[in-house]
Amino acid sequence: MLDDASRRLLRHLLDAPQAPVAELARRAAMTPATAARRIARMKADGILRGQHAVIDWRALGYSVGVSLRFTLDKTDPRAFDAFQAAARKVPEVIEMQTFLGRVDVRLALVARDMAHYQEVYRSRILTLPHVADIEALMHITSIKSTRALPV
Amino acid sequence: MTDLDALDRRLLRALVADATATAGELARRFGCSQPVVWRRIRRLQEAGVIAGRRVDLDLGRLGFGVSVFLGVKLATRGRVSLEDFERAASAIPEVQMVEHVLGLYDYRLRVVARDLADFERVLRRRIMTLPGVGDVEANVLLSEERLAGPLG
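Each protein sequence line maps, in turn, to chains F and Y.
For what it's worth, our numbering labels the leading residue of the first sequence as 1, then goes sequentially.
For what it's worth, our numbering labels the leading residue of the second sequence as 1, then goes sequentially.
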């Protein structure tokens, strides 16, 4: 577990991930050397697994975003593995989650427009293995998106 | 809309894998000059293609063992204000994501909690009391992966 100072630093990192270490240190009221050491420590401990650029697919012309929710036919014990391996090969898939609940797997998919979505859906999604049921939720807007934690 | 060439795609893939890579490292890896890399990244940021950074944490190690995706349907569509629901849902600290969607549900929420008992507390006290909330479906997250998407 983290001590208070690392927790404070982490909160500022989540709040402004692109800020330089010196700036994070200033906000968390510690020296840059201490901040750098604490960040390196969180990485070494596996708490901080990485930092990734976020792509805005709309800016690249992918105006359609769909959440596809799958129920799998679990009579085949390899259903999850086979489904996931096939889904990873669909270029338009940007996220994949597995769940405990009514939904087994969710795929986030982007497409240039509705015609492109329909084409991907027919040729790449309906052909995925072991699918028992599919539901689609069309993305309208993001109201909140944060990695901040209630710490 | 921004068009990408091969170098842009390579840079984007590299930054999605590790956003802390420096222009110098990327220049060496892709055999071009550091100012070129720096200008390309700057252009991608200005065009809004690179929208920010995501910090990937081991939530379990931080004491947040449970993430749940909720599908929420509003009970009295047309009579409840969407803004009221959105404002109240966004104000809940445990709610990391609120998305307005079209389909079986009206909203998708991502909720983080310490354990299932903590999640139940959030669900009962915070989610079920949201203005206009109707049917709620909960799916507990088991695994998650992000893919490069159509950058190939």
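Please note: incorrect hints may appear among the correct ones.
[To be verified] Coverage of chain Y stretches by chain F, computed from C-beta distances (three or more under 8 Å per stretch; other residues unrestricted):
(1) 17-25
(2) 28-35
(3) 58-67
(4) 92-106
(5) 127-136
[Said to hold, decoys possible] Straight-line distance between alpha carbons at most 30 Å, and here's what the computed BS3-like set of lysine-lysine pairs gives:
(6) F:Lys74 - F:Lys89
(7) Y:Lys73 - F:Lys74
(8) F:Lys144 - F:Lys43
(9) F:Lys43 - Y:Lys73
What the hints contain is simulated information worked out from the structure, not anything from laboratory work.
Backbone N, C-alpha and C define an ideal beta-carbon position, used for all residues, glycine too.
Q. Are there hints from earlier that the structure breaks, and if so, what are their numbers?
A. 2, 5, 9
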